[in-house]
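There are 6 protein chains.
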Amino acid sequence: MFLPILFIFSLLPFSHSAVQDFCVGDLALPDTPAGYPCKKPAKVTVNDFVYSALGVAGNTSNLIKAAVTPAFVTQFPGLNGLGLSLARLDLAVDGVVPMHTHPGASEVLFVLEGTICAGFISSTDNVVYFQALNKGDIMIFPQGLLHFQINSGEGVAIAIVSFSSPSPGLQITDFALFGNNLPTELVVKTTFLDEAQVKKLKGVLGGTG
Amino acid sequence: MFLPILFIFSLLPFSHSAVQDFCVGDLALPDTPAGYPCKKPAKVTVNDFVYSALGVAGNTSNLIKAAVTPAFVTQFPGLNGLGLSLARLDLAVDGVVPMHTHPGASEVLFVLEGTICAGFISSTDNVVYFQALNKGDIMIFPQGLLHFQINSGEGVAIAIVSFSSPSPGLQITDFALFGNNLPTELVVKTTFLDEAQVKKLKGVLGGTG
Amino acid sequence: MFLPILFIFSLLPFSHSAVQDFCVGDLALPDTPAGYPCKKPAKVTVNDFVYSALGVAGNTSNLIKAAVTPAFVTQFPGLNGLGLSLARLDLAVDGVVPMHTHPGASEVLFVLEGTICAGFISSTDNVVYFQALNKGDIMIFPQGLLHFQINSGEGVAIAIVSFSSPSPGLQITDFALFGNNLPTELVVKTTFLDEAQVKKLKGVLGGTG
Amino acid sequence: MFLPILFIFSLLPFSHSAVQDFCVGDLALPDTPAGYPCKKPAKVTVNDFVYSALGVAGNTSNLIKAAVTPAFVTQFPGLNGLGLSLARLDLAVDGVVPMHTHPGASEVLFVLEGTICAGFISSTDNVVYFQALNKGDIMIFPQGLLHFQINSGEGVAIAIVSFSSPSPGLQITDFALFGNNLPTELVVKTTFLDEAQVKKLKGVLGGTG
Amino acid sequence: MFLPILFIFSLLPFSHSAVQDFCVGDLALPDTPAGYPCKKPAKVTVNDFVYSALGVAGNTSNLIKAAVTPAFVTQFPGLNGLGLSLARLDLAVDGVVPMHTHPGASEVLFVLEGTICAGFISSTDNVVYFQALNKGDIMIFPQGLLHFQINSGEGVAIAIVSFSSPSPGLQITDFALFGNNLPTELVVKTTFLDEAQVKKLKGVLGGTG
Amino acid sequence: MFLPILFIFSLLPFSHSAVQDFCVGDLALPDTPAGYPCKKPAKVTVNDFVYSALGVAGNTSNLIKAAVTPAFVTQFPGLNGLGLSLARLDLAVDGVVPMHTHPGASEVLFVLEGTICAGFISSTDNVVYFQALNKGDIMIFPQGLLHFQINSGEGVAIAIVSFSSPSPGLQITDFALFGNNLPTELVVKTTFLDEAQVKKLKGVLGGTG
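Chains as they are written, first to last, in UniProt numbering: chain U, 1 to 209; chain D, 1 to 209; chain Y, 1 to 209; chain W, 1 to 209; chain Z, 1 to 209; chain S, 1 to 209.
No lab work stands behind these hints, which were simulated from the structure alone. One or more hints might be untrue.
Said to hold, decoys possible - Here chain Y is said to cover these stretches of chain W; the calculated rule only asks that three of the stretch's residues, wherever they fall, bring their Cβ under 8 Å from a Cβ of chain Y:
(1) 26-32
(2) 81-92
(3) 119-125
(4) 129-135
For glycine and all other residues, C-beta sits at the position ideal for the given N, C-alpha and C.
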């Protein structure tokens, strides 16, 4: 009574379905606009679907007293093609995630601990939406819009952020403007900032030119 | 020096951009395949982007000793059109989220507290992927595949789950098979379960026929 | 008068358009989240677009007296990237396609011969939609929802089913629960079925553990 | 033991899930780029998912001795948002579906009866792919490319065609060129056809100007 | 010989196809995540598909000596649902389009007249890509990344820019940071700019707080 | 003060973000349904984002007195995955772009110089939308619909056309019908054209059979 069942199995596209069920990214192959090519289903194990790095606090001993620990497709290839990813945000006292955007995804932040003042700026006549968030609150940051998070509490703050893409990207405005070789003259022309201000921040952020 | 700037503002499609930045769902209007129509930008406030219900434990005084508290588009309309949502999972001791699928989204679970034995079954020759997850671990459940979560620890377990759609849907296999008026004869024919077993579970889950 | 035309040809991206027109899958290369890489246009022939296996009845000498003959991307690589696929369903007398889902596609069934009782269960408060279908009737099964087909007529029944993806996937609930090494204890815990019932079906379906 | 279950039900977004499971089109409301707004879930019945018109032969008493009977979203609103549709093709002896395109979908044709010579023309250096198809054969016609079907057998031919969109559209080249008020002079200029030929076909197809 | 043709017409979903061919936006109805509901096909004329405002130079008598004249969905509703839009860029001598992003689209710029120094900053370790563009050159600005355009020539410069969405959005960093009521203290905290600099630019750009 | 910043850099997925920001196509690798695999970010330069061929008039010394100079993904791989492309259209006096479709994209045309009579035919009861366009006018041609452009002025006409895909494809009806080896008998049967007319155009356009 057993073989007949296997028989219908052999009529079903199982060798393929594995790829249709999921597509664990093979980071050794070139990426595509839709994500990485898939690891062979036969080589996929439960370890491709479990990741533990977000359980550990990021190191906040840095200028911004903050750390973002990503679980994006390059850290966690099981997310490849599935349309979402996570990250952990640690904010020491006075920590701040400076103005930034995620060019490739919308974000929802869940406060695990502490108090976070978070906000985003709409491209519509520049309306600002911000609020102090407490443990258990969630807040939305729509794709591509400038937003920030500040530890507005007494102690450390921790959040889990979730994104609508396996590779949301991250562009921190200050690093983009002052942390590279974009000539000071061009920064001044395109931001209206004073030259002295630009040079000062290039100094802090390692920019040249 | 101020008016000239406004002048270029007036050349930009601001009245529309608000809608392009985000589309807070107006649940009073009929849904569409892409989500709900958008609330008028002028009526949108920061409250449309912040939600607090996930900060409170769900009531686990039920048969499965578990509760799912969703922040899907119908609870949190700010997610409309943004391609993601969250939920909180509370598992009392011995709590279980029975075999289920999300027809509309992939899921990533983050363990906030306790120990959870979680797994999913691939449609590919039925390979089972499951593991005990501890605080800080995350696990992927690909779209549409049967999966489950069990509290395998001593105390309560809590998780935040994130989905790749504002309305992932939820189909708990037992409720679908035994919690409605699907005739016992059809359940037996399509599941190979014994009639007594089907009737027993229909009794527990409120099914008829 | 002939060369000048060829001249404008040479200005058009023909070498590429072939790939834009269609992308016959090269199954020897790793899949991607969007499908398989494309076979070289120069090697594509009409045979890549024609498939004959659905003209032959599947073998229904098995436990469920049914056979599904797929024309998914792995059988018919011409479908790669085109967003649809077909399959043939053969149901002997008393044949049944047990409760199952397609994680990756919606389905429309067209009855070629016989009478089929088909239905699906919505994830919404478990509403069941089912009906007896006669020759020429078509029925929709939305993506990811549990559904079934039963030969409810005197003779054989045949249907052509069409899917909204080249790789819809197929997860038959019984095979997923009882046809693998998922420990009996976990099946019991996540389905509320009696242990004896689980062991009985594991015996029938080749499950272990 | 029954109420507690309902309790967890009340925590789940059921009122919405119905819409997420499917979105039966309300044709009385204006369409959107993603399809029609959804009929209220409470008013949806199994009849919204079953359609019988393809069981009846189309009337082939016309110039082309052919009839296309569509089950697109406007005939069968249950398909709204689901990404596929069907149609029935009837070809009397010598019947032909003239050169046409579907601007919005790829197509797969399944021969139910008779013999059909079918083909399409790739936009790539105009390669023609055509073949005689017999009962049970399926053939792919990629989105937007010119294709045709001719009854090349002794008797009638019937096919079921499946599309990758609920509204594939249909543009029959002859009707587009000769069945409207596009001035003869413009048709001649843009097709290189002789004026007499254009006028002759405008006469047959009801064109003016 | 004429009526029979009309007969097959009546079998085709023409009343719907209009909507499937295009979906001219009805801006009086609420937007949706996929765009505006469609204007009734019967009311659509060629005027819905033709727009002339880009033929006129924008007014560059403003602080940035630049003007952007959009043909986005709100100005040109015929683009609704079609996945692209255009805009005209006028740069007087010394004109500049300051650092900005388009949250919803990638951009390609075509130089009609003059010389434009344009560039963007990748979110990848902040690499800057910029170059002087002459008449006839085109340049890509990927979605969501900071970019700028400066008139680097002797005379006026004009460009036509094309976007991959009917509503690309526009967020000019300076206006977002200094042109609204975002408290100076928050701007300082999230940008590392000196308070004096922030206040100075708020003064210029009409910001408060 | 500098190292700490780099430290948080090292926590961010920069090696990947490059690919997420853009995916310059590597045309040496096989295409996929979503586009070409990405060139290694480290090898990408500003030259991958700038293209100059549209600054030069195409050669219109051909039968149609017209030339299309594409900047599609195969000419300009920087467009890969970004959802848009451009082309330049040159029309000598009496030049015409014959009836054609773009199977993969909608189009917007911007008139740079001269006067162009352009139109498209909807698949809806064959409504024709056409108009004479002057310098600065833009016109929409929805995806997959037959359309044409004619130089209706005294001098040359030039246009920049923008598409909603990096590979829109191009199928010129005459070349598809008369420029290949599609047997005359099949052309006659599927177009109702007179055999003499078909043979005449096959002669002009290099068709055989």
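Each hint tested on the structure:
Residues of the region 26-32 of chain W lying with their CB closer than 8 Å to a CB of chain Y number 0, which falls below the three-residue condition for coverage. By the rule of at least three residues with a Cβ nearer than 8 Å to a Cβ of chain Y, the coverage given for the region 81-92 of chain W holds, with 5 such residues. For the region 119-125 of chain W, the stated coverage by chain Y is satisfied: 6 residues place a CB nearer than 8 Å to a CB of that chain, which reaches the threshold of 3. Here's how the region 129-135 of chain W fares: 6 of its residues keep a CB closer than 8 Å to some CB of chain Y, so the rule of at least three is met and the hint holds.
When held up to the earlier numbered hints, the structure conflicts with hint 1 and nothing else.
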